[in-house]
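Colleague: Spelled out from the first residue to the last, the chains are:
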Amino acid sequence: MKTINLQEQSVRELNQLLHDQAAECTEREWEVLEPKGAHNIACGIDQSLSVDIKGHAGYFCAGMNKHAHITVFGNAGQGVAENMMSGTVRVKGDASQAAGATAHGGLLVIEGNAGARCGISMKGIDIVVKGNVGHMSCFMGQAGSLVVCGDAGDALGDSLYEVHIYVKGDVKSLGADCIEKEMRDEHIEELTALLNRAGVDEDPSKFKRYGSARQLYNFKVDNASAY
Amino acid sequence: MCGIVGLYLKNKALESELGKLFTPMLIAMTDRGPDSAGFAIYGDEVGDDQIKLTLRHPDTNYDWSALAGGLEKALSTSVNWFSNSKVAVFKIGSDAAAAGDYIATHAPDVQILSAGQSIEILKEVGLPEQIAETFNLPAMKGSHIIGHTRMATESAVTMAGSHPFSTGQDLCLVHNGSLSNHNRLRDRLKRQGVVFETENDSEVAAGYLTWRLQQGDTLAEALEHALKELDGFYTFAIGTRNGFAVLRDPIACKPAVLAETDDYVAMASEYQALTTLPGIENAKVWEPEPATLYVWEREQ
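In the order they appear, the protein sequences are chains F and V. The numbering of the first sequence is our numbering, which starts it at -2 and goes up by one. The numbering of the second sequence is our numbering, which starts it at 97 and goes up by one.
Everything labelled a hint here was simulated from the structure, so no lab data went into it. Model, not experiment: these values are computed from the prediction. Any given hint could be a false lead.
To be verified - Among the chain F residues that face chain V by a calculated CB cut under 7 Å, a handful are:
1) 33
2) 34
3) 53
4) 93
5) 112
6) 113
Unchecked claim - In silico DMTMM-like cross-links for lysine to aspartate or glutamate, where the CA-CA straight-line distance does not exceed 20 Å:
7) F:33 / V:356
8) V:116 / V:140
9) F:120 / F:159
10) V:380 / F:108
11) F:169 / V:385
12) F:217 / F:151
13) F:33 / V:377
14) V:380 / V:359
15) F:203 / F:187
16) F:51 / V:377
17) F:33 / V:127
18) V:187 / V:144
19) V:187 / V:141
20) F:120 / F:43
21) V:324 / F:151
22) V:169 / V:191
23) F:169 / V:345
24) V:380 / F:31
25) F:89 / V:377
26) F:89 / F:174
In this text, a Cβ means the ideal position worked out from N, Cα and C, and glycines have one as well.
Could you build all of it, start to finish, from the sequences and the hints given here?
Modeller: This is the structure in C-alpha cells:
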C-alpha cells in the first residue's frame, strides 16, 4: 500500500502519482493521511485503484473519477464525485452541496447527510444517501437513481428528466414536474439492488418512488409559470 | 468569494489563548479572501458606566494622547487608552453618543470602527497573515472572535470595504456572498436615519440589523426579518456582547461549516480553517441548514 501524507506532500503531487497509474498500474492500494479539508483530492483518476482518505476532504473530492474506489473516512465538501464516470465513492460522514453533480456513472454512497442540490443534473450515476438530502436535490436530474433513506428537503426533483428517486422519509416539497409514482415490482428490484450495492440495510418496501411527470419536456404555454 | 471564521469559547480556561487559536483559522482562509482581513474580538469588558471605542487613523503616528486629553476635558471624565498599529482602543467614562460627537467635530479623520462594552474591531487592507502580525493577534485574549478575509466583488478594495462591520453597540457582522437589493434597501434605511459610510453591500446588511434592533427586535427577531428582506446570497456570522450567531440565506449557495466541542463552537467557510483547533478530530462537525438561525449565548 502506498501512503501519502498531505501535510508532507501536495494534493497536486498526490493526484499526479494517481494519474501516473493510468499508464502502468504498479500500486492499486492508496492511503491518504491528514487531508485536513484540502480541495481536489483524488480527482481525475482513470484506473481501478483503491484510495482511502483518512479524514475530512474539501471541495470536489474524487471528481471525474473513472474506475477507482475512493472512500472518505470523514466529511466531504462541495461537489464530491462531481462528474464521476464509473467506480465507487463512499463518504463515511456528511457531504456538502452538489454531491454527485453532473455525474455520468458509478456509485456514490453517503453514509451521513448530503447538503443542498445532491445529484444536480446527474446523468447516470447512482447515489445512495443513508441520511437526509438538502433542498433542490436531483434538480434537472437526467438519468440514474437517487436513494434517500432519511428525509428530502424542498423542491425535490425540480425539472426532472428520467432519474428514479426513492425516499424512505418525508419529502418537504416536490419541485416543478416531479410527482410521486407507483412502486412496481421492477422498482423494488432496482432499489433492492442499489441498497445491496451500497451495503445499506433498509427495507425496500418502506420507500416511495418519485419521478418526472414529463409535462416540461416540450414547451406548452399552459405550463409557462412552471418553467 | 470571501472567507469567514468565528470562534466562541465555552470553556473560560481557553480565553487567554483565543488569539492563538484563532490566528491560523484566519490565515487558512487567505485563498478565499486575500485583499483585506479583519476581526472583531470580544473581551476585556468595561463597566456599564463606560464605553469602549475602537478608533482608527491612517497615520500610525497619530497623536492619540492629544485626542484622549481633549475628550477628558470636554466630557469631564477619564479616558484610558492604548494603541495598536493604526488603531487605538479608548475606554471612556461617558456614553458613545457624546464621545462620538466630540470625535466627529474635533478629529473628523478618525474613524470609529466599533463601540460597546466588549467589542474591539481591527481590520486593514492586505494579506490575512500580515494583518494578524500587525495587530499581534496571537497574543489577544477574549471570549469570542469573528473574522473575515475579503475578496472584493461588490465594491473597491479599500479599508472601508473590509469587514467586520459594526452595527450598533457590541454587534458586528461578517458576510460571504453578495446582496442583490442593497441599493434600494440602502435608500430605504437612509430615510430611517441609518448612516452608511461605503457603497458596500455588506454594510447594508449590517445597517439593516442595526435598524431592526433599534425597532426593538431581539437579535433572533432581527435575523428573521433579514431573511425576508435581504435578497441575494449570504452566509453571515454575527457577534454580540455575549453571543455568536450564524445565518445562511434560503438558497444556501455560500458555504459554511460548524464544529462544536465541550470547549468551543467554531464556524468557517471551509473545514480547512478548523483543522488546527484542539479536539477537532472528535468535534461534532456539520453544515448549517439554509434559512436557519444558529445562536449561542452565554449569561452575562
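Colleague: Next step is simple, just say for each hint if it's right about the structure.
Modeller: Hints, verified against the model:
| no. | hint | result |
| --- | --- | --- |
| 1 | 33 | holds (4 Å) |
| 2 | 34 | holds (4 Å) |
| 3 | 53 | holds (5 Å) |
| 4 | 93 | holds (6 Å) |
| 5 | 112 | holds (5 Å) |
| 6 | 113 | holds (5 Å) |
| 7 | F:33 / V:356 | holds (17 Å) |
| 8 | V:116 / V:140 | holds (16 Å) |
| 9 | F:120 / F:159 | holds (9 Å) |
| 10 | V:380 / F:108 | holds (16 Å) |
| 11 | F:169 / V:385 | holds (14 Å) |
| 12 | F:217 / F:151 | violated (25 Å) |
| 13 | F:33 / V:377 | holds (10 Å) |
| 14 | V:380 / V:359 | holds (12 Å) |
| 15 | F:203 / F:187 | holds (14 Å) |
| 16 | F:51 / V:377 | holds (11 Å) |
| 17 | F:33 / V:127 | holds (15 Å) |
| 18 | V:187 / V:144 | holds (11 Å) |
| 19 | V:187 / V:141 | holds (10 Å) |
| 20 | F:120 / F:43 | holds (19 Å) |
| 21 | V:324 / F:151 | holds (17 Å) |
| 22 | V:169 / V:191 | holds (15 Å) |
| 23 | F:169 / V:345 | holds (18 Å) |
| 24 | V:380 / F:31 | holds (18 Å) |
| 25 | F:89 / V:377 | holds (14 Å) |
| 26 | F:89 / F:174 | violated (32 Å) |
Violated hints for the displayed structure, listed by number in ascending order: 12, 26.
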